[in-house]
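Asks: Chains as they are written, first to last, in our numbering: chain A, 1 to 798; chain B, 1 to 150; chain C, 1 to 244.
Be aware that one or more of the hints could be misleading.
Said to hold, decoys possible - Over the 10 Å line for every Cβ pair with chain A, so calculated as not near, a few chain C residues:
#, residue
1, G78
2, H213
3, S242
As the list claims (entries may be wrong) - Reference listing, derived: stretches of chain C covered by chain B, where coverage requires no fewer than 3 residues with Cβ under 8 Å from a Cβ of chain B:
#, segment
4, 61-71
5, 104-113
6, 157-165
Derived by calculation from the structure, the hints in this document are not laboratory data.
C-beta: ideal position from N, C-alpha, C; glycine also.
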Amino acid sequence: MSFYRHIPITELDGEQLEQLSSEMKLSLSREDMVAVQAIFRDWKREPTDVELEVIAQTWSEHCKHRIFGAEITHVKDGKNEVVSSLFMTYIKDLSEEIFARKPGFVLSAFHDNAGFIELDDKLAICLKVETHNHPSAIEPYAGANTGLGGVIRDILGAGKGAKPIASLDVFCFGAPDTEADQIKADDVIHPLGVMRGVVRGVRDYGNRMGIPTVGGAIQFDESYIYNPLVYCGTAGVIPREYIDKEMSAGLKIISVGGRTGRDGLHGATFSSAALDTESHEEDQQAVQIGNPIEEKKAADFVLEARDRNLIEFITDCGAGGYSSAAGEMLSEVGGEIFLDEVKLKEPGMVSWEIFISESQERMVLAVKEETLPELKELADIYETELTELGNSDGSGILKVWHHGELVCELDCRPLHDAPTRHLKSTFTSPSGTASSREVESLDPAADLKSLLGDFAIVSREPVIREYDHEVQGNTLLKPLAGAAGDAPQDAAVMHIDGSERLMAMSQALLPEWGKYDPFAMGAACVDECFRQLVAAGANPDKIALLDNFCVGNPEDPNELGELVECVKGMAGAADTYSAPFISGKDSFYNYFETDEGPVSIPVTALISGIGVVDDKKHVTGASIRHSDSVICVIGTTGDAMGGSVYGRQKGLGNKAALPVSECGDFLELYRAYHEAVKNGWILAAHDIGEGGLAVALAEMGFSGKAGLDIDLASQPTSEDTSHTACLFGETPGRLLVEVATGDVQALLESFAGKAIAQIGTTSKEHACLKISFEGNALIDENLNELKEIWKNGLTPYY
Amino acid sequence: MKAVFEITDRYLEAGDCSALLYAPLDEALTYRQTRRYTLDFEGDEGAAADFVSKTLLDEVGQELHQGESAALQDWLFAIDYGMKPGALDLEKEAVMSYYHNLKSAPIVLSELKIEHRVYVFGESSISPDRFVSDICNPAVHTWTVIEGEK
Amino acid sequence: MEKRPHALLLKFPGTNCDAETARALREVGFSADVLPISQVDPSKLEGVDLVVLSGGFSYGDYVMAGRLAQLVSENRLGDSLKQFRDAGGYLLGICNGFQILTRMGLLPEGSLIHNDSGRFKCNWVKLKKGSQKDSPFLRGLPDEFELPIAHAEGRFVTKDAGEAEALVASGLGVLTYAEDINGSFSQIAGIQDESGRVLGLMPHPERFMSRDHHYDPDWKNEAGGEHGTGYYMFRSIFEEISKR
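The shape of chain A in the complex, shown without the other chains (with noise of 0.2 Å):
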């Protein structure tokens, strides 16, 4: 009789009850633990450890998302507001209103696993993205593989079942060259180790799955030495009669895939807290591993029985376990769950523990009970086991039977909203004002090879080898292109089965900028994102951002007010281009309490999206195709370097403010791009993003297909603009592309009175790379010794 037991907390004071929360590690606030307790006095009778642990999972902050959703009294250079949810103000509601200009685009947001847009009149397409930081520094490989096993099973469990396509995973480390000392923790794991653990998870899984891997990105700070974060997408494809479910009553709940067990208890709360050395001593026994098979054929399992049209409703097993998703299916509805039906890893687990134990592999159905038969015949064809969990009832309530008992009995409706947390932030705007003229580049060529060789722009190609990039077979613009397959790309771009439409799906994040200035950093992240996008082809009336964030301590005010900072920026950025977002997530507490102090990351916003590519004909690669041909740049250079990796590099540090990206002059940019694209015009196109515009020409250059004989004297730049800045500072809006000497006339004439200009050609030199201003050449280097420096950045290490 002690599977599980009543907890008295009618009679606690605040104290008690906080300090309960502490001892059963429910991560409930005082207020919190209150408002528990006034429910219960309400309902006169105590709870039972499992109604408790439903709430703490129910509440928590992976879950429900409370530091998106609370109040916040924000002083902004000494002036306050109050931002009522930051979720609902900058981006739900937001969203909602972009949704309205373009009907029929956005088919779902918000309210399942992940939103959808239109692919064409049959198909939709869906992203989402999570976040997976600290099982991640704990056990790098299995906090990987776990991410990204569940962030798949997020799209298995979008509307009655996606088909994951492609996946991209971002991450950020220290250095990988860190010296041992500069490490001031104890069992804190190097970054390289960090670095090659997470990179296999991510293989090991996505491999495995026989899910493409082919978009991602890496960034290095110091501050991620103790915080690394790891960011797992997917995105999948449905058959739009498929999007939308909704659960009744008298349906049955099943389970497939994997068994229950201890490992994972407690992963959502824990998530919901800082890391120290002692959570990597603490925590050691709940290290959870994936299990990429089981769910490669649970995944079968889904997508035959959806295609059978035997599911009702679905939804993953995450955080919460069966309790979120028992909570997901019944909340409204009501129903019953029998633990005794659930099969288990191992022998004598409790109630609570098999209620909310967040074992990987496993995906929750709702199925009409004369389908049974057929779905226990496809789970033994697909070898995947299928447990029947309960029913729904139409009772509003949910039940819970264990041995016979009702552990727990809860109407749900009091839950869904949790106590509002209160917030302060604030921010002082940053005041800059430094010219690029005061880390004047001396010796351009030289400068440019320090940036190729900066961690932040060498290539990936270590890694991105790793990833099966090119299963399913629809990977057409491929993570890596050009005459050598070795060239960097801005986007990849999908073939759909069924479609004659393609996906396109990018990603950006710029932490050094959100070190100066998060507002800033913003608005870059989604108009990089876009661009790329657009660059590759999508048409930029079709297309849907994400948003993830991942901040240090919400509870520092400083820290806070860079969130509010950040998500403003980009919330502009997005109604301007009339971009929604169509999912998102945060993950706060990503600090880590060193020998020497709190160490917290910048904040880190990820922005990625997803565009719909109207025709096979407008997929545009960033490298160079052929000689003779011209190449221009679209949009106006600014002298701003702050944030950008030269002024890193130079030590410009806050002296120097960021780039403003002017979005609406942007838009009119991209238009006349996209418009040039579907003329046939564009050759190849390619971002100016880190680096700046020389970076971004060697880059098309290492396609190998010829040189590049440029002069920047024609350039679109802004008044007082440097030869510095021109070179390798980091404006947004611009992209480089090139044309075919017969179109220039009709490229240029079609963008009258915006910001264009031709500015060189590509030449028979293959190995060339000239860039000069007015004849005087600033850089003229081999872009074969480039590209050694920029493509063996990483070898050493991964």
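Since chain A is already given, all that's left is putting chains B and C on it; use the hints.
Replies: Frame of chain A, contents of chains B and C only:
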């Protein structure tokens, strides 16, 4: 009954130890990895060896050594590591699942322990601890260090 | 209407290239079914012209690539795949399928072990046809062509290096890498059996069916065709079976 089998790769050359570690080594040390399987079983020892050969050994690319003794000689030290109890060992799961589905198993296999063995070769006074800390993670592994005889 | 040649793709837990391989087979004219291994017994080979083992990670490739799939297949099918071949049937193993066919003994003795780099490798490689130019699978291909690879265990080895050399000399080593990419003996990328009806190869022809699949947007088929190289490989075996 217990039996130990060690499987070595015939064509895998010794590698530079720096590849195992997070920072380059000053000494020129090399390593080779093998897998050690410990079977707890009832039945004929020959049948166990036969099961191992058929299931776990690649006869073309690998060699099988039966018994506790080390398959390789002249090493500085070796580290045996495997998944700790409760941590998922995917290879073991796969083998046991195959075994349980056999209609007539040649032996009654009650436990299979899988360990990776890293042999380190060369002359050095380096402590194996550095290798352990970069190869093993207490969150998932257990390990033992074996001193070489030379 | 005449019956189209029929291909059967065996799917193990972890097989993950079955859908695009079936798509490729259908594109060249086959009818194709994917059959999960739990449903397989010798009777399922009736009426089949080509058995295909496609790429992926059968049973996770735990222990070693293809081993558990080999054992499970042998338990389910006994020697019926050998009988199928002896009766004139064709077998094709791509990547993981090559590893499985090798372990089953349906191809000359050898093994596919970890790449000498110790790493998974996904990229495009140049391949050369061996001396046996009339392999029914490769007949329609030029002497040199490109295909993508994606494998961790693709290093073809034999008990001694001489056996691999002999395979190339006899023509059974039908495909070699133009450069050493994974440490394979004699740079072997694909082999066939004595009958010529069983082929195993590490590269993925199903990933190069159209020219859009190539990493270089300006790629041109030297042989002049409009498709990717993989198309002509599937088409070769389709024509071989059709003309019987």
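Asks: Now tell me if each hint is right for this structure.
Replies: Evaluation of the provided hints:
no.	hint	in the structure
1	G78	20 Å, holds
2	H213	7 Å, violated
3	S242	24 Å, holds
4	61-71	holds (count 6)
5	104-113	holds (count 4)
6	157-165	holds (count 3)
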